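Colleague: Sequence:
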Amino acid sequence: MAARVVKSNFTSRSRWCKAVYIMWKKILTVLPVLLLTGCAATFTNLTPLQQSRDANNLYPVEVAFTSQQQSLRWESIHPCILVNGQLYDMRQTPHMTGRWEGFVPVPSGANEVSYRYKFDYLYNNFSTPPKPGSAYSPVYKLIILNQ
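Going by this note's numbering, the final residue of the sequence shown carries number 163, and the count climbs one at a time with no gaps.
For the record, the hints were derived by calculation from the structure and aren't laboratory data.
Just so you know, these numbers come straight off a predicted model, no measurement behind them.
Cβ coordinates follow ideal geometry from the N, Cα and C atoms, glycine included.
Treat the hints with caution; some may be incorrect.
[Said to hold, decoys possible] Distance windows between CB atoms, simulated:
1. Ile-38 to Thr-58: 28 to 38 Å
2. Gln-86 to Thr-60: 13 to 23 Å
3. Lys-147 to Pro-123: 56 to 66 Å
Build the full structure now, drawing on both the sequences and the hints.
Modeller: Pasting the structure below:
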């Protein structure tokens, strides 16, 4: 008795090849965007976790920022500290590359504050003017010690 071969549209070779073609077409349209933007920002918080209470209620913070994004325009970086919905400007640390410093205000009665860094920048894009981008750090907590 001979085995009967059943052909199915579900497993036909032409449909499978067409599905692979469609999948590659979708991936290739998204690939340039992933390569340009990527998840390439790295923040290193250089601020101590605890600081002694200061009379002026301003506490220094410092961060190192690196990125693997080749299209990032480093001269366009504008770093800020985000505290309670307010943005505070930072400045580049003198004689250092990739490091910025600023001050976090803490009300006189508070014992801690949460903050994060926000870096706005421009990045080059194919055949268009530079586009804006942003990177946010994780949330950090600063504890104020009464001494």
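Colleague: With reference to the structure, classify each hint as holding or not holding.
Modeller: We went through each hint and held it up to the structure:
With their beta carbons about 36 Å apart, Ile-38 and Thr-58 fall inside the hinted range of 28 to 38 Å. A beta carbon spacing of about 20 Å between Gln-86 and Thr-60 agrees with the range 13 to 23 Å that was offered as a hint. Distance hint for Lys-147 and Pro-123: a CB-CB separation of about 38 Å, inconsistent with the stated range 56 to 66 Å.
The structure shown violates just one earlier hint, number 3.
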